[in-house]
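*Asks:* Sequence:
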Amino acid sequence: MDCAGNTAETCGGFDALTLYEIASEAPPTPAPFTPPGPTPAPASPVVPSGDYDFVGCVADSQSSRVMPVGPLAEDVMSAEICFGICSAQDDSNTHFGTQYGEECWCTGSLGTTETSSACTMDCAGNSAETCGGFDALSMYEIVADTSSPPTPAPTLPVPPTPAPASIVSDDYEVIGCVADNQAARVMPVGPLAEDTMSAEVG
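Going by full-length UniProt numbering, the first residue of the sequence shown is number 1, and it counts up by one from there.
Because the hints were derived from the structure by calculation, they are not lab data.
What you are looking at is a predicted structure, and each value in this text was computed from that prediction instead of being measured.
In this text, a Cβ means the ideal position worked out from N, Cα and C, and glycines have one as well.
Fair warning: there could be bad hints in the mix.
Simulated DEER-style distance windows between Cβ atoms [to be verified]:
id : residue 1 : residue 2 : range
1  : Phe-54    : Ser-109   : 16 to 26 Å
2  : Pro-157   : Asn-126   : 22 to 32 Å
3  : Pro-157   : Asp-195   : 19 to 29 Å
4  : Asp-135   : Phe-54    : 49 to 59 Å
5  : Asp-122   : Ala-59    : 16 to 26 Å
6  : Pro-71    : Gly-111   : 47 to 57 Å
7  : Gln-62    : Gly-84    : 52 to 62 Å
8  : Asn-181   : Gly-5     : 33 to 43 Å
9  : Glu-173   : Pro-32    : 13 to 23 Å
10 : Pro-71    : Ser-117   : 19 to 29 Å
11 : Thr-7     : Val-178   : 20 to 30 Å
12 : Pro-32    : Asn-181   : 23 to 33 Å
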């Protein structure tokens with residue numbers, strides 16, 4: 001008899017079964033799980049590189065500035081703060097100076113300077129330091145950082161998550177047509193009827 005759901009197949013007959021064997025496939029062995037490597041630490045915030053040396057108190061003039069970039073004023077001025085400002089403003093700056101207690105000046109090309117004794121104002125951000133005075137700069141030279149940067153740790157790739165074990169395949173193989181009997185069934189479970197029966201549906 002043709003199958004109701006596929007006339008190209010035979011679905012048994014009177015007291016006869018078209019018998020199939022379900023072929024089980026052994027699931028593949030999953031790859032061993034390797035824990036992911038450590039997450040690299042985030043990059044450190046950018047800070048001024050190098051350091052600075054105090055040069056001395058030099059004369060300045062409002063009509064002819066020793067340093068052309070400024071004034072960059074801060075209510076909490078100090079040598080360290082001015083160093084950070086000038087380093088961020090232009091990494092080619094070679095000198096910086098503080099003036100009037102709260103002003104910061106920068107330059108990448110220092111010309112001829114004259115020594116002054118007018119640096120008498122405390123820094124607004126550090127009273128232990130002197131931040132220039134009237135027409136006078138407390139001048140510093142930026143010293144480049146020549147040390148080698150630390151070598152970053154290599155970033156290890158995260159291994160892929162292994163796929164779950166495969167489900168047993170539902171492939172089947174036809175064995176042949178075997179005799180059946182309503183009084184002594186070859187297969188005890190059934191009948192399980194479908195209007196569109198086929199080997200695949202069954």
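*Asks:* Would you list, in rising numerical order, the hints stated earlier that this structure does not obey?
*Replies:* Numbers 2, 3, 4, 6, 7, 8, 9, 12 - these are the hints that the structure violates, sorted from lowest upward.
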